[in-house]
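Take each chain as given, in its own frame, and dock them per the hints.
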Amino acid sequence: MIVRTLAMAGALSLAAAGAQAEIKVGMSTTLSGGGAGLGIDVRDGFMLALEQSGRDDISVVIEDDQRKPDIAVQLSDKMIQSEKVDVLTGIIWSNLAMAVVPGAVAQGKFYLSPNAGPSALAGKGCHPNYFNVAWQNDNLHEAAGAYANDAGYKNSFILAPNYPAGVDALTGYKRFFKGALAGEVYTQLGQTDYAAEIAQIRASGADSVFFFLPGGMGISFLKQYADSGVGLPVVGPAFSFDQGILQAVGDAALGVVNTSQWSKDIDNPANVAFVASFQEKYGRLPSLYASQGFDTANLMLSALKVAEPSDADAFRAALEAADFASTRGKFAFGPNHHPIQDIYVREVIKEGDIYTNKIIGVALKDHADAYAVECKM
Amino acid sequence: MSLILFIEQMLNGVQFGVMLFLMAAGLTLIFGVMGLINLAHGSLYMVGAFAASWAAGLTGSFLLGLIAALTAAAAAGALIEVAVIRRLYARGHLDQVLATFALILILSEGTRWVFGSLPLFLEIPPYLSGPVRLPGGIQYPLYRLAIIVAGVMVAAGLFALIARTRIGIQIRAGEADREMIGALGVNIAALYTVVFALGAALAGLAGALIGAIQSVQVGMGEPVLILAFVVIVIGGIGSIKGALVGALLVGLTDTMGRFLLPVAFAQVMAPAAATAVGSALASMAIYILMALVLIFRPRGLYGVA
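Top line first, the protein sequences correspond to chains V and F. According to the working numbering, the first sequence holds residues 951 to 1327 in order. According to the working numbering, the second sequence holds residues 12 to 316 in order.
For reference, chain F alone in the conformation it holds in the complex (with noise of 0.2 Å):
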């Protein structure tokens, strides 16, 4: 193993990582605010990307998709929290539950409806595809970097919003007090709308760049849906530092466990058996890791006790 390919894969791992953390920050920020626990975040996640894939099939630019998965993912996402969460910000979390899966099957089956069962096409700019050449040698695909920075500008954004602006500090209060800014005058129904449709946009905005390097389909929300939960309970639900670190944690665990396991095992025993056991092992790193994370701290790595 050298030295390059350790590097790549990490790179592959704060990918991978990036990418989480456009989905966690949305449901974290949800959680946090509104006490919401958002099954359907993985259907906007599938939004976003069909709406990339149909408007970049139209007019033939990448950017007016990605344009098209916030509008589209924000709007659903506003949409779906005055028809139906609006009703569920007073109930138990079994009833959200309960309701965000309805709208998972709604919003999956309403999209096959749309556009099909087939996967759709949606491809990377030619502008942003083929590998470059890194320091050191190492040829890592152009579109994955760009990936990389999309997510960190996205984050350096989110916290200078959650912590210079208005509606930041209104989000902020809302997580601590709802009662007390309601009573204060901020117009709680307005806010709660705009920070769902903005984790919504977040989500969107994931599943169009990850649309272009994987199949844009049906369900394609769901194991995404997964792996972000497991990451804002490493976290700490409602932090989205704790989002950030869990997601990058997550990445790189996964992406290594996959790399490095199958490679441990080898030095012990046969090759095949040792892909068989790293592998299977390799798909069980994360939720080791979120495991050790709650024995020892159990509200996650920045949660409020």
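Same shape as in the complex, but just chain V (with noise of 0.2 Å):
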């Protein structure tokens, strides 16, 4: 109750002061580091929607959380207390997300995650101010295992490291896939070396493989699998086959299945003019994480068209209608504020010089989380 009176004690200042009603944004991003990449899509794809919606009254504070939780808290307290930012996002880690989007929401603001998918905000600790415009994390490597059933997998080895959204990917392939397992691994954090790995992989006698090994620990698994000739079905989450890093994983992830809810050839006029336009402004292919900060910055202008965020069941039940053009096409909320989408699968290929991805059928349709029914709001 006190915290509530507070944030509207709070807005009610910001409205009396702020007459020429700028709105700010809040994003703390990893920005260096060994997950650099993903933070700086997402603020590229974010601030090319920013810019091609034409609105000069949109301010972005823009800060680095270097992928550690103690400072992507101190980040959210200096922009919430001394920037007065109405919106905050930017986060890539779930560890980061749990660490902050509670504390922000509690304090009135609004939280748009534009990656991180902790189950536990999903369910039991969703709130009304935080809407998720990326996936749940169990969302892709269900529809890996769904995808595994459709290809005729019976005995997979999975395999992810051993942190709380490793546990949620093999969680969540579990629950899709019917056959049995041959092995379950988990690795460690930042492991490099997948040589004991690949040698149980090899003696399981598994039919394919299902993998959650995000950014440079995927690539060092690729390319060692790769050369160990072990040559059974690869199958995984887009995170380890994203623009980003596929050129530096290069022939061996070709033909490798993974499943997004984003590629760059999904078919609707959004889609085609965000890559063409993302192309021209930075000189590369957009990666998921760039669609994701690009849909992220669409969805909190099309509800700021309808309301200020400081009126805040207005501007919250804007962001719930969501209507905006998603480059995925079909995009809602669930009523955990979290999206049910299409997740597709897809497949590597090599388009003259450049690894990249092309949609090979559909994972789920309309796919919702497993957490929404633990949500109270």
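These are calculated hints, taken from the structure and not from any lab test. All the given hints hold, so there is nothing to weed out.
Here are some, though not all, of the chain V residues that point toward chain F, as calculated from beta-carbon distances under 7 Å:
#1 N1112
#2 E1134
#3 Q1138
#4 G1140
#5 A1145
#6 A1146
#7 A1149
#8 A1153
#9 G1166
#10 I1169
#11 K1173
#12 D1177
#13 G1179
#14 G1194
#15 Q1197
#16 A1198
As a list, the in silico SDA-like pairs of lysine to any residue whose alpha-carbon atoms are at most 20 Å apart:
#17 K1028/V x S1009/V
#18 K1104/V x A283/F
#19 K1104/V x P282/F
#20 K1018/V x I117/F
#21 K1124/V x A287/F
#22 K1104/V x D1157/V
#23 K1018/V x I237/F
#24 K1018/V x A113/F
#25 K1018/V x L116/F
#26 K974/V x A1262/V
#27 K1074/V x A1318/V
#28 K1074/V x Q1057/V
#29 K1128/V x P282/F
#30 K1018/V x M1048/V
#31 K1128/V x A283/F
#32 K1308/V x A1101/V
#33 K1231/V x G127/F
#34 K1124/V x P282/F
These stretches of chain F come out as covered by chain V in the derived footprint (C-beta under 8 Å, 3 or more residues):
#35 269-278
#36 282-291
Note that beta-carbon positions come from the ideal geometry of N, C-alpha and C, so glycine has one too.
Following this line, the structure appears as structure tokens:
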């Protein structure tokens, strides 16, 4: 109660002081260190959408969280208390989201997540002011499980790093996969050598491999797996196959099947225009992270047309309506403010000299997450 | 669990150990001779990987990439020694840690500035790619065998260098008494630069060899650096022999721990729980090993009292 009253008092004083009604957005994302590629893509996609909107009354405060939860908390405190932002966004990693989001929304701010979707914030920890524009963490893994059924796999070897999102990943895969498990391995977070795990895969008698190893871990695994000659079909979520890292994996990724809510060849006007304008502005192909940043900004812009964030109830209702042209085509929010969307199956191909993805099917249609029922708003 | 799988995992452990040795040898040499704690050693590993990736991408030759890695890392090492490290010998370890930590940040952001934040590509050369069949029907990647061979050759070369050459004598003398060899007319400043560049070149070589099977990206050196410190603490700081034994022990403990602990726990508990507990314990295994070694030999296996 006290928190709510304070938040309302804050909103009132803001409205009184800010007659010029400039909208302030706080973006803390990862711009240095190992995971910088993801944060940079989210930022670039977000800023591209703002630029295209032609609005000059929105200012964005961008800060680097260095992938460290303590720094992310400091940054969000600073943004809320001294910068007086209206909306926060930007966080890539689930552990950082868990440290920042509950505090930010409790102070009456809106949080639009462009990436991290931990299960805790989709279920019991959901909040009216928290919206996830990307996916709930389990979604792409569930789609991978569904695809494995369609592909006729009966016996999967599954592996993921030993941290919350890794556990979510294997849980998600197992939720949909109907076959048996030839082995289940948790690797160390940040591990770069997978010789021991690949030897186990070889000896396990599996007919397929599912892995969730984002970023550099995935590059290492795929290169070593291709070189080992094990040769079983591999399926994984898009995080090891995004535009940023495919070039570093090279031929080892060719033909690998992965699941994603977005792909550059989704055929709708918003996506075609996004891919072309992103390429023109930044000189590279967009990744799924860039599309998520772009969609996040467009969602916010669509809500700003209807209401100011200072009018929290109206702004929230406008966000819930999700009345914007998503690069994914169809897009809607479920009751827990997480997306209901199609999840595609993609295959890695080579276009000229560039490695990229091509859609080969739909794994799950209008897919919502498993935690929505636990959410009481 | 079959014997073949067990042997394959032993080979994996040895390969990991050999790679760690390349890192640890330079680190322990620099500490032994100059009494310097060099946190930036992992950055030199990264420099080697980036140089190899850049040169191999430009020329298409992996071998030229390796040479570029050795050259770039040695040059970077020499430059750092002359510009920064030289001012730190007379100071305490805390100042050294602070300054070399700053070097990590400078080298990381400098590399990002030059190469961007996206990981680079370095490929296993065609003549070393794919698996080979070893006696007993073991399928093993040829490239990993090549790393083992390269590491053993470097170790042998290093022992010969230390034991049989003039510069080796100077290095050993420098470890024992740096004032005295200065008084005997050895140019200590030049010797230190050479030792530092040698250590840097070994780190660069490790980075280039490993870059081909992992991702070449900013920050890749720090996890390896931590393991290299574990190795030299186990082996005894300043001892090359200790670095070799320590590296193999750490490599085998880590690999076999990751492989055997979940299997062992599966005998007494449910598979999912066994995986979780086994994996968690496996990531601690090398630190437990280090603690055990330090209990019985506080100065490491080959450390001088």
